[in-house]
Amino acid sequence: LLPRLLPLLLLSEGQAAVLRLGLRGTPRGEVSPAFLSLTLDASLARDPRYVALLSNPKLRALATALSPGFLRFGGTETDFLIFDPNKDSTSEERIIWELQAQQETCGSRPAFAAVERLLLAQWPSQEKLIVEEHNRKKHKNTTITRNTLDILYSFANCSGFHLIFGLNALLRKDGLQWDSSNAQALLDYCASRRYNISWELGNEPNSFRKKSGVYIDGFQLGQDFIHLRHLLSNYTFYRHAKIYGPDVGQPRKHTQRLLRSFLKSGGKVIDSVTWHHYYVNGRSATREDFLSPKVLDTFATAVHEVLEIVDGTVPNKKVWLGETSSAYGGGAPRLSNTYVAGFMWLDKLGLSARQGIDVVMRQVFFGAGTYHLVDANFEPLPDYWLSLLYKKLVGTKVLQVGLTGADERKLRVYLHCTNPLHPKYREGDVTLFALNLYNVTQHLQLPNHLSSKHVDQYLLLPHSKANILSRSIELNGRVLQMLDDKTLPELIEKPLGAGSILGLPAFSYGFYVIKNTKAIACI
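Residue numbers (the numbering used here): 1 to 523.
To be clear, the hints were calculated from the coordinates, so they are not data collected in a lab. These figures come from a predicted structure and were not determined experimentally. A couple of the hints might just be wrong.
Claimed, not checked - Cut-off 16 angstroms, straight-line C-alpha distance, at most; resulting in silico cross-link-like pairs (EDC-like, lysine to aspartate or glutamate):
1) Lys453 <-> Asp484
2) Lys264 <-> Asp297
3) Lys140 <-> Asp47
Said to hold, decoys possible - Pairwise CB distance ranges, derived in the manner of DEER restraints:
4) Asp271 <-> Thr236: 14 to 22 angstroms
5) Asn135 <-> Gln355: 52 to 60 angstroms
6) Asn467 <-> Asp188: 46 to 54 angstroms
For every residue, glycine included, the Cβ atom is placed at its ideal position computed from N, Cα and C.
Generate the whole structure from the sequences, applying the supplied hints.
Spelled out as structure tokens, the structure:
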């Protein structure tokens, strides 16, 4: 009996799991340099004066640190926004735009501070309205103006992001074909300003009937995208503009059918296929959901279903997560904005890259709900810092990794070549990131041939007495926070000596850069 018990005892005493790293040959895959991208939900323009908050210098500094990437402006409200080139803007939008005209385009606007304070004081009640409308599925049309587009474009452009704008797909002629006249007015204006934008048409067409009583099938939607491509080709400036779609929701059966028929009908005119994913319903999600290997594994199944449809209709077309977060309906209160949300986010980034998703757009950078990276006081939340570390440390080349001596569903590991733009690291270095869903510390051991290598640890733990529902986060024991409104802290590594065992505390996650690996796959 004893010899058989011994390995189990050793494991429970924290025996190290041994890593297997695929460093030779070619990488397993490669993702876009804009892999981690962001969204702004179109509900921010439900009352367009709140769009003026995007001029905040702290918000811009936080966005810039996550660049480059795509910034998608879309969401349910996409299909309820009407552009009126002749309407006067809200006074808030006008003030910010006049200030911008007087100064350098991307400069800060101290004169706007008083207006901003007023907007922020009124934001909680606006947020409540947005969430209520969303829950009741009662949506009203909102008019946006030239200044709305100006401020949105300026935010993306000044922060180093490429704007993707979602056009309203629910404007219909005789209830069937897309009525493109409003899109044309919007394109006329954007082309006159020479705004470099990519385009989407509609958001989650699988639930149009629920939101508006209009049913559009996949074939018709494909024809509408062909129509949009023709429309863009009339503008010298947008002749080569990119189109992404169809932004379908979770791949349930009827959504799979819609996606398949859409791709057969209009797939040839889109540049990437976009779909959306959330793990759970924000109104019923629990802490346990965020720590459940079973819940995390549902994402891999969804990816597989979408890739199968794409391979069968438009093979070799890139697939993007056009909108994604932990919980739908604005996030799970007191969960989606805390340390525990990082398990879903980091695992989604790891699995997406491993399974061949090219770009992942995080819902949302800033805005209503609790799944934002930056809150309504412009304070960065744990998922913001996690995203920042990912951007800095993780490169685009995906490598094979596995382990023996632990359950890979509970000790989840991912491996990439290190980001070659990082000043501290060199070509051939690799970045391992790991999530520990065990309720005890887990130890990871490098394979023998790497035992002499030095490792830099970036361990993320919740601040405030190890409470995983903390809204602040520590990197290697130091709380991460802005130094002032424009300065981010240095992300300081903890060097581990050669041959060190990598210790990952219960319910935690972190990154490890293995230096001087000289991985052939990365060179």
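Results of checking the hints against the structure:
1. Distance hint between Lys453 and Asp484 is unfulfilled; the C-alpha atoms sit about 37 angstroms from each other, more than 16 angstroms.
2. With a C-alpha separation of about 29 angstroms, the suggested pairing of Lys264 with Asp297 is violated against the 16 angstroms cut-off.
3. Simply put, Lys140 and Asp47 have alpha-carbon atoms about 11 angstroms apart, close enough for the 16 angstroms limit, and the pair holds.
4. The given range of 14 to 22 angstroms is respected by Asp271 and Thr236, whose C-beta atoms sit roughly 19 angstroms from each other.
5. The hinted range of 52 to 60 angstroms is not satisfied by Asn135 and Gln355, whose Cβ atoms lie roughly 32 angstroms apart.
6. For the pair Asn467 and Asp188, the beta carbons lie near 53 angstroms from each other, so the given range of 46 to 54 angstroms is met.
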